[in-house]
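Here are the chains, one letter per residue:
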Amino acid sequence: GAVVSQHPSWVICKSGTSVKIECRSLDFQATTMFWYRQFPKQSLMLMATSNEGSKATYEQGVEKDKFLINHASLTLSTLTVTSAHPEDSSFYICSARDSFNEKLFFGSGTQLSVL
Amino acid sequence: AQSVAQPEDQVNVAEGNPLTVKCTYSVSGNPYLFWYVQYPNRGLQFLLKYITGDNLVKGSYGFEAEFNKSQTSFHLKKPSALVSDSALYFCAVRDQAGTALIFGKGTTLSVSS
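Residue numbers (this note's numbering), protein chains in the order written: chain A, 110 to 224; chain B, 721 to 833.
Misleading hints may appear alongside valid ones.
[Claimed, not checked] Each computed SDA-like pair below joins lysine to any residue, with the alpha-carbon atoms no more than 25 Å apart: (1) B:K825 <-> B:S723; (2) B:K797 <-> B:V831; (3) A:K164 <-> A:K150; (4) B:K778 <-> A:N210; (5) A:K212 <-> B:R814; (6) A:K212 <-> B:S830; (7) A:K150 <-> B:Y781; (8) A:K173 <-> B:Q722; (9) B:K825 <-> A:E196; (10) A:K175 <-> B:T819; (11) A:K150 <-> B:V733; (12) A:K150 <-> B:S830; (13) A:K212 <-> A:S192.
The set of hints was computed from the structure by calculation and includes no laboratory data.
Based on the provided sequences and hints, a complete structural model is requested.
Pasting the structure below:
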């Protein structure tokens, strides 16, 4: 079946540094990917919609300069948390939409801890 | 706007008993409905979906869900719970193909032996 690879699975960083999370569709093309954020024991909140070759669309309340999204190819989207702070600590999950059949597939998530 | 409600934060059942995890939804058009399961510190695993067709949908690990249009519900069910079913369950909806999923807040299922 279709696989979405999300890397890294967990990362610890110092406050003020930037962290990049990658989301790759391994066996299908994904013109659209979605980034979610999940706080402990809470739901997944849609952060942004990433479209290949164009700017991402951010949900209300999500700082686009804080969470930089790049979708430079049909199989890769990246989320960069810039100048990370402890409140950015969270579980981030990506979802890729298969361009051929519109199905959605999820990555395994990235646990970010900012010290 | 789309929305999903999971009214129960937690559901407790004994192993071998049937389980139900409730979900109601609101969409402007025809709903695409999904159930996912999440184990601690893991991503989401797809259980089942309803797009069209039979109201009773069968999915992975013996789970099934019943789409009820009049009640706008899509409850997850399993005839006989296992301890290994203990996890966090999310109901999700989208109103058309290609849009992002909107998730409910999740329901923690705890199955005791």
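Going through the hints against the structure:
Under the criterion of a C-alpha separation no larger than 25 Å, the hint pairing B:K825 with B:S723 is consistent with the structure, at around 10 Å. Simply put, B:K797 and B:V831 have alpha-carbon atoms about 13 Å apart, close enough for the 25 Å limit, and the pair holds. Taking the CA atoms of A:K164 and A:K150, the gap is about 31 Å. The hint is violated against a cut of 25 Å. Of the supplied pair hints, the one linking B:K778 and A:N210 holds, its CA atoms being roughly 21 Å apart against a limit of 25 Å.
At roughly 12 Å between alpha-carbon atoms, A:K212 and B:R814 fall within 25 Å of each other, so this suggested pair holds. For a cut-off of 25 Å, the pair hint linking A:K212 to B:S830 is broken: about 30 Å separates their Cα positions. This hinted pair checks out: A:K150 and B:Y781 have alpha carbons roughly 23 Å apart, not beyond 25 Å. With a CA separation close to 23 Å, the supplied pair A:K173 and B:Q722 stays within the 25 Å bound.
With a CA separation close to 20 Å, the supplied pair B:K825 and A:E196 stays within the 25 Å bound. Restraint check: the Cα-Cα separation between A:K175 and B:T819 comes to about 24 Å, which is no more than 25 Å; the hinted pair holds. Our distance criterion of 25 Å between C-alpha atoms is met by A:K150 and B:V733, whose separation comes to about 20 Å. Distance hint between A:K150 and B:S830 is fulfilled; the C-alpha atoms sit about 14 Å from each other, no more than 25 Å.
For the proposed pair A:K212 and A:S192, the alpha carbon gap of about 34 Å is over 25 Å, so the pair is violated.
Checked against the numbered hints above, the structure violates hints 3, 6, 13; every other hint is satisfied.
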